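Colleague: Chain residues, written in single-letter form:
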Amino acid sequence: MQQYEWDFGAVLAYWPMLLQGLWGTVAISVLAIILGILGGGLVATLRMSRHTPLRVVGTIYVEFYRNTPGIVHFFWVYYALPVVANVNLGPLEAAIIALATQSSAFYAEVLRGGIQSIGKGQWEGATALGMSHTEALRRIIVPQAARRMVAPFVERSFEIIKTSSLASTLAYGELLYQGMQVASITYRPLETYTLLALIYFLLLYLLSSLAKLAEDRLQEV
Amino acid sequence: MGYQFDFSMVIKILPVLWRGVIVTVELTVACLAVGLILGFFVALLRVSPAAPLRFVGRAFVEIFRNIPALIQLIWFFYAFPIVIGAQLSPFVAAVLGISLNTAAFSAEIYRSGIQSIERGQWEGAMAIGMSRAATFRRVVLPQVFRRMLPAFTNRAVEVAKVTSLASVLSVHELMYQGRVLSSTFYRPLEILTTVGLVYLVMIYPMTWASAAMERRMRRRA
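Residue numbers (this note's numbering), protein chains in the order written: chain A, 1 to 221; chain B, 222 to 442.
Honestly, the hints are just simulated from the structure, not real lab data. Remember, predicted model here, so these are calculated numbers, not experimental data. Treat the hints loosely; a few may be bogus.
Said to hold, decoys possible - Chain B residues, not near chain A, derived (Cβ > 12 angstroms throughout):
{"id": "1", "residue": "Leu257"}
{"id": "2", "residue": "Ser269"}
{"id": "3", "residue": "Glu344"}
{"id": "4", "residue": "Arg353"}
{"id": "5", "residue": "Arg367"}
{"id": "6", "residue": "Arg436"}
{"id": "7", "residue": "Arg440"}
Said to hold, decoys possible - Per label pair, the in silico range of CB-to-CB distance:
{"id": "8", "chain 1": "A", "residue 1": "Leu213", "chain 2": "B", "residue 2": "Gly350", "range": "39 to 49 angstroms"}
{"id": "9", "chain 1": "A", "residue 1": "Gln3", "chain 2": "B", "residue 2": "Phe226", "range": "50 to 60 angstroms"}
{"id": "10", "chain 1": "B", "residue 1": "Gln342", "chain 2": "A", "residue 2": "Glu93", "range": "50 to 60 angstroms"}
{"id": "11", "chain 1": "A", "residue 1": "Glu159", "chain 2": "B", "residue 2": "Gln336", "range": "15 to 25 angstroms"}
{"id": "12", "chain 1": "B", "residue 1": "Gln342", "chain 2": "A", "residue 2": "Gly41", "range": "35 to 45 angstroms"}
Using N, Cα and C, we set each Cβ at its ideal position, and we do this for glycine too.
Using the sequences and the accompanying hints, generate a full structural model.
Modeller: Listed below in structure tokens is the structure:
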């Protein structure tokens, strides 16, 4: 067998394309995280509502997203949603909608888990002091729950960054899609995909080290 | 106006989707089996007294957890054959990628299970004359398996979902069949919705079982 000669140079020559892809990955991930937190707040409110029909709606939403693969959501939003809603969606919009709706389900569970982990006594104490339900939630429960939510919140956000690679299947120009283009231009899939893996690894490893630092800080307070 | 949802389409595609379901199940079972076995050995590295072995275990886990699964699949299909000088079938590449990914995540489950066993159990077993290896095998491990059963079931849910990515490599599993059918019949709404529901029906029982096991364990504790 002939020895394969590695040549990262040929691939690195296309660094502007990869950089553009990295930007695409960061952009849809950040948007999906922001929208996912807002949507997650809404879904968590439904899940914890006193009204059974609202609770059921929240539960169905969460269970649907937890029990179906992400790629189905991407394809459904891109190909099926326009049929139902009579709208035109580009790959960018479709990817963001898919990513944000699914992260809403996961963030909702983080929020609910955090809030429900706070003991009943805290609620009772707040009520005894004359606080309303909303006041107790805002001033007593959420500040305590927030600290416990940090770790699962960070974990979910990493999942979003990794899942954003599925946007490549809709031909949205994030890192993987750009990498596929580079691989087919250079005929160097080994170097290209190894480099892509390395970029993702460094990005997520760096972020997780930062998150760990922030978490440790927060626990000290 | 208003779009007419065509239910006869759903009936028509079910036999083809069924073929996909079988491949999805095969993939899930194969990847879960290989991943759980390999993950056990990775966990042994992770808890080893020898620092270099611990490092190897940690590197394995970090690499496979911090790179998106889709990149791993694409790497094993397009890049790995260049390294080994032999073409892999899409199915084998998918099994390789998903199994190693599963091994990394399940190694962390085994590890936290092993570390959750109180020191007293080790001391007790040693006190009645058991060796370290015998204690591990006969006292610690059986408890790890029992305690971690819900976590392993959750892993199975994740594996079942991740196998949908194999559609990108044209493995004829459920998602792939859905994509082909949807572009053949131009009925993405009916077809992709059905695919989503089929996944839900396959995966939800596992989620439910895992939650039920957790509830029962909490009641016992």
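Colleague: If a hint holds in the structure, say so; if it doesn't, say that too.
Modeller: Hint check:
no. : hint                                       : in the structure
1   : Leu257                                     : holds, 20 angstroms
2   : Ser269                                     : holds, 22 angstroms
3   : Glu344                                     : holds, 30 angstroms
4   : Arg353                                     : holds, 32 angstroms
5   : Arg367                                     : holds, 24 angstroms
6   : Arg436                                     : holds, 14 angstroms
7   : Arg440                                     : holds, 17 angstroms
8   : Leu213(A) to Gly350(B): 39 to 49 angstroms : holds, 46 angstroms
9   : Gln3(A) to Phe226(B): 50 to 60 angstroms   : holds, 58 angstroms
10  : Gln342(B) to Glu93(A): 50 to 60 angstroms  : holds, 55 angstroms
11  : Glu159(A) to Gln336(B): 15 to 25 angstroms : holds, 24 angstroms
12  : Gln342(B) to Gly41(A): 35 to 45 angstroms  : holds, 43 angstroms
Going through the hint list in order, the structure satisfies each hint without exception.
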